[in-house]
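Visitor: If you want the building blocks of each chain, they are given just below.
Protein chains: 4
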Amino acid sequence: MIYFQCDYTEGAHPEIMKRLNETNFEQTPGYGTDYHCDRARQLIRTYCNAPDASVEFLVGGTQANALVIAAALRPHQGVISCDSGHINVHESGAIESYGHKVLTVPGHLGKLTAKQIDDTIVGHYEDPTAEHMVQPGMVYISFPTEAGTLYSKAELTAISEVCRKHDVPLFVDGARMGYGLMSEENDLTLEDFAKLTDVFYIGGTKVGALFGEAIVITNNSLKKDFRYLIKQHGGMLAKGRLLGIQFETLFEPTETGCLYADISGHAIQQAMRIKQAFAEAGFEFAPESPTNQQFPVLNQAQIDQLKDDYAFEIFSKLGEDAYQVRFCTSWATVAENVDKLIEDIKKLK
Amino acid sequence: MIYFQCDYTEGAHPEIMKRLNETNFEQTPGYGTDYHCDRARQLIRTYCNAPDASVEFLVGGTQANALVIAAALRPHQGVISCDSGHINVHESGAIESYGHKVLTVPGHLGKLTAKQIDDTIVGHYEDPTAEHMVQPGMVYISFPTEAGTLYSKAELTAISEVCRKHDVPLFVDGARMGYGLMSEENDLTLEDFAKLTDVFYIGGTKVGALFGEAIVITNNSLKKDFRYLIKQHGGMLAKGRLLGIQFETLFEPTETGCLYADISGHAIQQAMRIKQAFAEAGFEFAPESPTNQQFPVLNQAQIDQLKDDYAFEIFSKLGEDAYQVRFCTSWATVAENVDKLIEDIKKLK
Amino acid sequence: MIYFQCDYTEGAHPEIMKRLNETNFEQTPGYGTDYHCDRARQLIRTYCNAPDASVEFLVGGTQANALVIAAALRPHQGVISCDSGHINVHESGAIESYGHKVLTVPGHLGKLTAKQIDDTIVGHYEDPTAEHMVQPGMVYISFPTEAGTLYSKAELTAISEVCRKHDVPLFVDGARMGYGLMSEENDLTLEDFAKLTDVFYIGGTKVGALFGEAIVITNNSLKKDFRYLIKQHGGMLAKGRLLGIQFETLFEPTETGCLYADISGHAIQQAMRIKQAFAEAGFEFAPESPTNQQFPVLNQAQIDQLKDDYAFEIFSKLGEDAYQVRFCTSWATVAENVDKLIEDIKKLK
Amino acid sequence: MIYFQCDYTEGAHPEIMKRLNETNFEQTPGYGTDYHCDRARQLIRTYCNAPDASVEFLVGGTQANALVIAAALRPHQGVISCDSGHINVHESGAIESYGHKVLTVPGHLGKLTAKQIDDTIVGHYEDPTAEHMVQPGMVYISFPTEAGTLYSKAELTAISEVCRKHDVPLFVDGARMGYGLMSEENDLTLEDFAKLTDVFYIGGTKVGALFGEAIVITNNSLKKDFRYLIKQHGGMLAKGRLLGIQFETLFEPTETGCLYADISGHAIQQAMRIKQAFAEAGFEFAPESPTNQQFPVLNQAQIDQLKDDYAFEIFSKLGEDAYQVRFCTSWATVAENVDKLIEDIKKLK
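In order, the protein sequence lines correspond to chains A, B, C and D.
For the record, in the first sequence the residue sitting at position 258 is 258 according to my numbering, with numbers rising by one throughout.
For the record, in the second sequence the residue sitting at position 214 is 563 according to my numbering, with numbers rising by one throughout.
For the record, in the third sequence the residue sitting at position 112 is 810 according to my numbering, with numbers rising by one throughout.
For the record, in the fourth sequence the residue sitting at position 287 is 1334 according to my numbering, with numbers rising by one throughout.
Just to be clear, a hint being listed does not mean it is correct.
As the list claims (entries may be wrong) - Okay, the calculated bits of chain C under chain A, using three or more residues with CB under 8 Å as the criterion:
#1 735–741
#2 907–913
#3 932–940
What the hints assert, rightly or not - Below, computed lysine-lysine pairings styled on DSSO-like, alpha-carbon distance capped at 30 Å:
#4 C:Lys893 to B:Lys514
#5 A:Lys115 to D:Lys1271
#6 D:Lys1387 to A:Lys223
#7 D:Lys1212 to A:Lys223
#8 B:Lys573 to C:Lys1015
#9 B:Lys572 to C:Lys922
#10 D:Lys1364 to D:Lys1387
#11 B:Lys573 to C:Lys922
Just so you know, these hints were derived from the structure itself, not from any lab.
The beta carbon of each residue, even a glycine, is placed where N, CA and C say it ideally should be.
Work out the full structure, taking the sequences as your base and the hints as a guide.
Guide: So, in structure tokens, the structure goes:
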């Protein structure tokens, strides 16, 4: 069985395992106050060209989302999100567990527009019963989105401008950030994210690390007391250096850039090969994705042809005999496995 | 500098690193549904002689405490805890963040008695204004306690009986469980904990793992939907197998028992050597501890004599020139470092 | 200016004021433990033919909704509601403030169907990622709905059966219960609500009282410790007898039934006169309502013709020059004012 | 039976009932936006000499406390309170239900000192593990306290200075404010409270109103969006004018001052007569109180002598045969009943 089911089926990139092994007997202070965390923070600040940003490390995405949102909002505020946003659908009510409503807006291909956000915020304040409603206090978007799509620099800039006009912070969930940055269609950089958002995170769990997300906070008011909140949310790892070591390894400058970019690029390359194979075989996509998640539309017979050799997810039923399925690549995807899949795609009837 | 500051200054026991390296390219399903987690669950159930127990893995202690308590309580209920309990003092309000009051009872040497617990519960229901107060809904104790002390089997049995009489679940925080179990003064086993409590956890973070706590739930009503709550609390690791592999390694039967017991025993041995050295040199303890945390009372001059070569914590000022300090050993403590410390203790004036 | 803006523009029915005046110097114990509360509870139980029901009184609807839902749900559960449900739209996130997601389902004329509820619950449990989602733990509907519409006995019975099949409690918000019960189209009784739901409330604030809602709980598991939760939510009025006296007055048997029924019937009668006037003048409704809220569709010129003499709400813009407006009647509506309005409706062009 | 059990056994002062009757058929907009609320706000601002203060009305004290504290704190912050503070003891965990810990400090006669507050705040920030603890974010005191005692102007000024030094808002629970202001020992005015605190409330429920507390907010950062929070907490009364009318009546200037002062003075006068009678008969107090709550120490035989004719509370057992009991007066206490009690006190053996 070859797995294209998700982007977290393996452990960590060998370079990260190597560094964890090498540093295993170092003695460091706990809770993220060690040398490795500080160095990783510095590397990330440099990549973001954001010398004043706070960088903090958390174990996973749900925690990162719940924590950032709880840190930003007052009790009567909610967070604007695309209806397909991870925080709305797949976090077991983590946002609500800290008291906040997810204010959903219908998305197109997993994305919101600046106009939708503007309309939502303006609409709230124009409503004579606004005080009886949940006030929009933050905007949450994902990059790449849950549908594998990307915001362009123009789109993100427009969203950023709307958020700043209304003084509503913008938060980008970058659980798969690397796979967005390295997409051929992408025109955004970490520096852009640092400039255009108030807070975002760079996902490690799905991009080469054992686990870990690096939160980058540029808005000063969100920085205050953030570590108290990390502790309260159960996010302050006793051996915090584990996160530092991993992000240090991912963002250490190399000849080609850094490990994070290199391995993300590899995943994109393999995903594009799979995409091309499906496209050439005449398949449609739902939707078309420029990133590491590919969503071809298959019928039941085609699914049956592939399912004994490949693990992939059946996402939703689109029609009588049409299913949206997902093939994921990752830093760990083996090119030979993709070769084999491509051959089998060609054989699909 | 030799570190006796805490029990989480290094990474993981080499055997755990070896297994993480060996399994790094295995492809497994996520979220704790993999083979390693299942095997670790089975091993722990066997050690606990609790075939029907639910075993779940979390990343850290604060998360484990907040989650178990939130899972057990209704909104108007609180958790009885010793005033020195970790949940009351050092978790940044994590328990309260899920809506629950910590009902503190003054402890003696970090411990509560069955009578105190009984009095608290009976006192609540006898109060004519009970409905205006927080109802005791769970009892939380630590083993070992934050003061390094232990409950005896007789004490835990008495507490268990009180809890069952009132139908109030008993929860044991075992962040340092190994160091309690292997203490010479201890007469409790994992099987006892499974029998006498409703839920407890076996700490990995401080006992050989990179991170991780294994929650053992024997009370059926607490088992229901527990995984939803793990997800909601941000505790469901995408690569859940990392926890499974670590606990599998710790509880794999060996000739001498298991790695968890062996390395805990090592820490206790080194702690007892330090304790004896301080005792023979005429020092007092605050309090005397049979586990891996030692709390000798030093004056400022003595602290100054040691502080350049050894890292240790100054916990509190006890008198004019008397300080409670803490020396911790762990699975990673090197015997030669303890030799050197003992020589230096002998030189203290 | 004649007010048809809402159903809470006046104080209380004179009979209630009379009883409050008469009892003003009685000395009673506090917090709803007095004679008047007990008697009101007994009267309501009798009307509901539910001798074992718990009846509790709260000051207002938002509090009642947040409290009942928080009492029923575990932390990972949410409440199914029509998208237009009051708890989803107009309670400033009160439900979320206690940690629970409102699981919205698109409504038709403010109503959900049994099939939609069944599909939502079944869909949740069939989803392979259910543990990553919010579990449906309660169903909330309003009677009458926010659109003035009513569930029939057949519809409520079908919903009740679905809820019981899945062991998900059914909660009915009856803020305007009287205006539903007395509608000519209605075929439900308080006894039906007690039989078919797990908990519902009978609104007083909009139906003759100064304030107050009577919660009727028939599901035993929801009764336990309910008064603790009332206190926690700030809902336990020190002078609880104020609520008892009001509901005693409303449900005291009279020759024609009881004050609650009589004054609700009056409001319906006046609303039907207004409805008929608009219908005869050729106006459409959005939607047609058999209760005390009437939603005719007017254009701007027509609004302008009426707005100097009558207060009414402009709810939403339906088209180029078409607005959904609301005229409310209540127990306090004066027939002569309706006569005048009818004359003016006839003059609309 | 004559009731001295608490200060909320009757309805409202007749003047308030009269105004409620007179205004019963006025038609007003809802939710506290009416003329009466505005006028009551203005009267209170004038009494407080605080033209820029926000004044909002809530139904009861628990709601007021939970709301103000939730409005002021970020998630990782708690509220400093005397251990005997109402929020710590008698609100069923309302503060915690919104996520905040009550940081208790041992009180003396129900009071905290400026030094205790300073030590608590300074101690927090000096602790090297501060980030693992709950940050003090507000100070809560009661005036009069739960023990019937009063802060002097010097004491309140010192507390205010400590709070401002640390930028921690000061909140005064004035559920019995009138009985404090009119005490002979008192040297504080509403103007002082407005100057020295950030937010406080003037209790109506126990001082002549049917129900209601008037919150006075002078700190600008606490004013923002406060009405959203009122709605979220279920505190926005549909017929908000009921609160406005009551506070308008209480604070309408009269020849002698205002009704609020007059009726509070009456209660104090009667309480002092009871106090003097107990003192002259040789009884001790626990503690001595200058306000409307009197806590003489009685033995069982003395309790038995009084309990058939008078309702009073037995608060706690102080010794072998010594009980702290409470006699309360209020605006409604009848002088003749006090005459009779005094005669019976004289007969106690």
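Visitor: How does the region 735–741 of chain C fare against chain A when you require at least three residues with a CB closer than 8 Å, holds or violated?
Guide: violated (count 0)
Visitor: Check the hint pairing D:Lys1387 with A:Lys223 against an upper bound of 30 Å on the C-alpha distance.
Guide: Violated, at roughly 65 Å.
Visitor: Given the hinted pair D:Lys1212 and A:Lys223, is their alpha-carbon gap at most 30 Å?
Guide: holds, 22 Å
Visitor: Verify the proposed pairing of B:Lys572 with C:Lys922, using a straight-line Cα cut of 30 Å.
Guide: Since the Cα atoms of B:Lys572 and C:Lys922 sit roughly 21 Å apart, the hinted pair holds (cutoff 30 Å).
Visitor: Please verify whether B:Lys573 and C:Lys1015 have alpha carbons no more than 30 Å apart.
Guide: violated, 47 Å
Visitor: Mind checking the alpha carbons of B:Lys573 and C:Lys922 for me, to see if they're no more than 30 Å apart?
Guide: Holds - the C-alpha atoms of C:Lys922 and B:Lys573 are around 20 Å apart, at most 30 Å.
Visitor: State whether the coverage of the region 932–940 of chain C by chain A holds or is violated, taking the criterion as 3 or more residues with Cβ-Cβ distances under 8 Å.
Guide: violated (count 0)
Visitor: Is the straight-line distance between the alpha-carbon of D:Lys1364 and that of D:Lys1387 30 Å or less?
Guide: Holds: D:Lys1364 and D:Lys1387 sit about 26 Å apart, inside 30 Å.
Visitor: Under a C-beta cut-off of less than 8 Å, do 3 or more residues of the region 907–913 of chain C approach chain A closely enough to confirm the stated coverage?
Guide: Three-residue rule not met by the region 907–913 of chain C, so violated; n is 0.
Visitor: Within 30 Å, alpha carbon to alpha carbon, are C:Lys893 and B:Lys514?
Guide: violated, 35 Å
Visitor: For the pair supplied as a hint, A:Lys115 and D:Lys1271, is the alpha-carbon distance within the 30 Å limit?
Guide: Since the Cα atoms of A:Lys115 and D:Lys1271 sit roughly 27 Å apart, the hinted pair holds (cutoff 30 Å).
In this structure, the hints that do not hold are numbers 1, 2, 3, 4, 6, 8, in rising order.
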